[in-house]
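Since the structure of chain D is provided, determine the placement of chain U on it from the hints.
Here is what each chain is made of, one letter per residue.
Protein chains: 2
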Amino acid sequence: MELVLATRNPHKTREFRQLLGSTFEIEDLSANPDIVMPEETGSTFQENAICKAVCVSGLKQGFVVADDSGLEVDGLSGAPGIYSARYAGTNASDKANVEKLLRELRNVPDRSARFRCVIAIALSGKALATVEGVAEGTIVLQPRGNNGFGYDPVFQPTGSAKTFAEMEAGSKN
Amino acid sequence: MELVLATRNPHKTREFRQLLGSTFEIEDLSANPDIVMPEETGSTFQENAICKAVCVSGLKQGFVVADDSGLEVDGLSGAPGIYSARYAGTNASDKANVEKLLRELRNVPDRSARFRCVIAIALSGKALATVEGVAEGTIVLQPRGNNGFGYDPVFQPTGSAKTFAEMEAGSKN
Numbered sequence: 504m505e506l507v508l509a510t511r512n513p514h515k516t517r518e519f520r521q522l523l524g525s526t527f528e529i530e531d532l533s534a535n536p537d538i539v540m541p542e543e544t545g546s547t548f549q550e551n552a553i554c555k556a557v558c559v560s561g562l563k564q565g566f567v568v569a570d571d572s573g574l575e576v577d578g579l580s581g582a583p584g585i586y587s588a589r590y591a592g593t594n595a596s597d598k599a600n601v602e603k604l605l606r607e608l609r610n611v612p613d614r615s616a617r618f619r620c621v622i623a624i625a626l627s628g629k630a631l632a633t634v635e636g637v638a639e640g641t642i643v644l645q646p647r648g649n650n651g652f653g654y655d656p657v658f659q660p661t662g663s664a665k666t667f668a669e670m671e672a673g674s675k676n
Numbered sequence: 504m505e506l507v508l509a510t511r512n513p514h515k516t517r518e519f520r521q522l523l524g525s526t527f528e529i530e531d532l533s534a535n536p537d538i539v540m541p542e543e544t545g546s547t548f549q550e551n552a553i554c555k556a557v558c559v560s561g562l563k564q565g566f567v568v569a570d571d572s573g574l575e576v577d578g579l580s581g582a583p584g585i586y587s588a589r590y591a592g593t594n595a596s597d598k599a600n601v602e603k604l605l606r607e608l609r610n611v612p613d614r615s616a617r618f619r620c621v622i623a624i625a626l627s628g629k630a631l632a633t634v635e636g637v638a639e640g641t642i643v644l645q646p647r648g649n650n651g652f653g654y655d656p657v658f659q660p661t662g663s664a665k666t667f668a669e670m671e672a673g674s675k676n
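Keeping their order, the protein sequence lines are chains D and U. Start counting the first sequence at 504; every next residue gets the next number (the numbering used here). Start counting the second sequence at 504; every next residue gets the next number (the numbering used here).
Here chain D stands alone, though its shape is the one from the complex (with noise of 0.2 Å):
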């Protein structure tokens, strides 16, 4: 079966390809320039991703699939949440995302912090289904490991050693 994945991150075909590629056939954006994504104006992870598939979906055949992610810092009241891509600023590179957050964190003794996931899938203009994970963890002192992609270099997971970027690929899905 054919999934259409409405992003435009290759970051994101490829971790979607490694995570279903057994399963569906996953397209991505990059065949269909014409295609606007829609802003991100929702107000949680749940409401941006539902509207970029129902929005893809009205435009192209079959399933889509879109997804919205981030990082809840609780020391800082939940920030970047939805605003991590652009932490510091519209098209921030991930280090400069980074090195805002760590920059915000020097005086805050709470480092716990959430990765959040969620993923919508749409059909004709519909929405199908919702899938959210949550992972719980915490910011480290230093970005360590070169895998992943986005704040994977500060996020460890509650129960591991390793920063998400000094997993493999598996062990982070």
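No lab work stands behind these hints: they were computed from the structure. Take these hints with a grain of salt, some might be off.
Heads up, the list lumps identical chains together, so a pair's fine if it works in one copy or across two of them.
To be verified - Straight-line distance between alpha carbons at most 20 Å, and here's what the computed SDA-like set of lysine to any residue pairs gives:
1) Lys563 <-> Thr593
2) Lys515 <-> Arg606
3) Lys665 <-> Gly648
4) Lys515 <-> Val634
5) Lys629 <-> Thr661
6) Lys665 <-> Arg511
7) Lys629 <-> Ser674
8) Lys603 <-> Ile529
9) Lys665 <-> Phe566
10) Lys629 <-> Ala664
11) Lys598 <-> Ser663
12) Lys629 <-> Gly662
13) Lys515 <-> Phe527
14) Lys598 <-> Glu505
15) Lys629 <-> Gly561
16) Lys629 <-> Arg614
17) Lys629 <-> Lys665
Treat the numbers as computed from the prediction; the structure is a model and nothing was measured.
Same frame as chain D, but now just chain U:
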């Protein structure tokens, strides 16, 4: 790797084995009659799932998985929700719960509903992660199909002509 499933419901053990049996060795609590499952006193599926996983993981080695799930019907303001398994009373049968649901909906025009399932993972008394799945759908007028359990015979997911109980296990999962 071994996963302990914090449940005494053989239907749930079977579903988890179908889903994850190729990756994990799945054990439930049938060999541990001494472990008393905590009361489901949370106000959300998530609280109940975390409570069960954390509590049992304080008594069993290794990763412990627990779930809580139910049906939210829009025309009934989200009922039966976290009370899905005991909608018609403590230890009510699936049949009694389904009959009560159809009775309550008799004069309700809006039969849209969602099936929500939260899975929590814990290790040594600490919550590590949760996964939440939501399937949108509608409550049909009469039960159809013999597979699955719970409200499966009356829940028809959006985009499908079959109820959960008319689907093969693979499609439902």
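Handout entry: List of violated hint numbers, smallest to largest
Key = Hints 1, 2, 6, 8, 11, 14 not satisfied by this model.
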